[in-house]
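S.K.: In order, the protein sequences belong to chains A and B. The working numbering numbers the first residue of the first sequence as 1 and each following residue consecutively. The working numbering numbers the first residue of the second sequence as 1001 and each following residue consecutively.
No lab work stands behind these hints, which were simulated from the structure alone. Glycine residues also receive a C-beta, built at the ideal position from the N, C-alpha and C atoms. Treat the hints with care, since some could be wrong.
Which residues of chain A face chain B? A few of them, derived with a C-beta cut under 8 Å, are [to be verified]:
#, residue
1, Ala107
2, Arg111
3, Glu135
4, Thr220
5, Lys224
6, Val229
7, Thr230
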Amino acid sequence: MSSKKVYQNAHEAMQGILRDGLTILSGGFGICGIAENITEEIKNSKVKDLTVVSNNCGIDGYGLGTLLQTRQIKKMISSYVGENKTFEEQYLNGDLELEFSPQGTLAERCRAGGAGIPAFYTKTGVGTVIAEGKETKVIDGVEYLMERAIKGDLSIIKAWKGDHSGNLIFRKAARNFNPPMAKAGNICVVEVEHLVEIGDLDPDHIHLPGIYVDRIFEGTYTEKKIEFVTLTE
Amino acid sequence: MPWTREEMCSIAAMELKDGYYCNLGIGMPTKVANYIPEGVNVTLQSENGMLGMGPFPKKNQVDADIINAGKQTITELPETSYFDSSDSFAMIRGGHIDLSILGALQVSEEGDLANWMIPGKMVKGMGGAMDLVAGVKKVLILMEHNAKDGQPKLLKKCTLPLTGKSVVNTVITDLGKFDILPNGVKINQAAPNVDIDEIRSRTEATIID
Chain A
1 MSSKKVYQNA
11 HEAMQGILRD
21 GLTILSGGFG
31 ICGIAENITE
41 EIKNSKVKDL
51 TVVSNNCGID
61 GYGLGTLLQT
71 RQIKKMISSY
81 VGENKTFEEQ
91 YLNGDLELEF
101 SPQGTLAERC
111 RAGGAGIPAF
121 YTKTGVGTVI
131 AEGKETKVID
141 GVEYLMERAI
151 KGDLSIIKAW
161 KGDHSGNLIF
171 RKAARNFNPP
181 MAKAGNICVV
191 EVEHLVEIGD
201 LDPDHIHLPG
211 IYVDRIFEGT
221 YTEKKIEFVT
231 LTE
Chain B
1001 MPWTREEMCS
1011 IAAMELKDGY
1021 YCNLGIGMPT
1031 KVANYIPEGV
1041 NVTLQSENGM
1051 LGMGPFPKKN
1061 QVDADIINAG
1071 KQTITELPET
1081 SYFDSSDSFA
1091 MIRGGHIDLS
1101 ILGALQVSEE
1111 GDLANWMIPG
1121 KMVKGMGGAM
1131 DLVAGVKKVL
1141 ILMEHNAKDG
1151 QPKLLKKCTL
1161 PLTGKSVVNT
1171 VITDLGKFDI
1181 LPNGVKINQA
1191 APNVDIDEIR
1201 SRTEATIID
């Protein structure tokens, strides 16, 4: 059962999904745990006017940064977009829209989107520009602001191991935004380092159950890139 | 003599109590980890989804999947755990973190913090700073007492966009350690041979006795 979810590669896994104007939810933190095979496929497809929800926007020439260079992204919803010159240029030129969402609020907006919760109240951002235009409410004497959930057309996710039914295990800090993003997309496509048979993963060790995953394939990887290699002195 | 940056980190490290869960911000706050006193066991949280951060790796320990919130390579410890970003901020927002140490552009006498944006310059984003100051039990700021042009950074009111309102508890600068109290800023400790008049002349915030 469920092996209908398995595809041979990124190109096959993305068939029938990509079109202009999609809202894409991307896992990853910086360039750790990003779906690089899927991103490459999106680049090659030349779809444009994309709205991308992602904590960051990759770096110049890598990850989501490549979709900036090809000008396929219309709008980003992120918490931090430093380390990216192309981003800066396009944003300052007015070619790129940007919505900042505090990192925890962004994670929760996606988690909520996948959990059937349309909005929630949070203390984060009260009294700052983030609160402008948002409903606020005092609960037990504390002021909170209302944040809306985020849902997307497509989630692009990277995991370490996945089985044919879509159960996923992430590796170390590469988990980050992948689970909340996976839950909030209408279609969730996952690339894994190791695709394994059903039964190969211990059910008690699954980080993300296969119900959230629609398509899965084993990616091709060379060396994992690191943004800042910092060594002990 | 004002404190050096190393001395500021060392003074800040005294705030870390045994058993604390702490989140250290990017830059100088990250270095506080090097000054945790002997016998004090502190668990460092990294908001990208790691509890129990070890030191930076040796060359042969580098792992692209083990990074901190500044995207630097880091190591894990025997007690380390990993989790996703929504869990990570549940810890932060839910008040489970004892202390956060962050940098600042400006702090007001009411404890308002501005540390993410200078209008007219490229805005990189607030990252997790707004969530941290809203959720952790205690916020400690490490910053130079004055900006490069000499302007005070400890102010009556912040002029830059805020990261959080009434969120800062303690500020450590090169001139001293300051507590933010309901009626103003109290000098908790001055750096050696820095007199109170110098601190007053370089501070805009109301300094109370």
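S.K.: A separate judgement is required for each hint: does it hold in the structure or not?
M.R.: To see whether the hints hold, each was checked on the structure:
| no. | hint | in the structure |
| --- | --- | --- |
| 1 | Ala107 | 4 Å, holds |
| 2 | Arg111 | 4 Å, holds |
| 3 | Glu135 | 17 Å, violated |
| 4 | Thr220 | 16 Å, violated |
| 5 | Lys224 | 4 Å, holds |
| 6 | Val229 | 5 Å, holds |
| 7 | Thr230 | 4 Å, holds |
In the structure shown, a violation is registered for the earlier hints numbered 3, 4, in ascending order.
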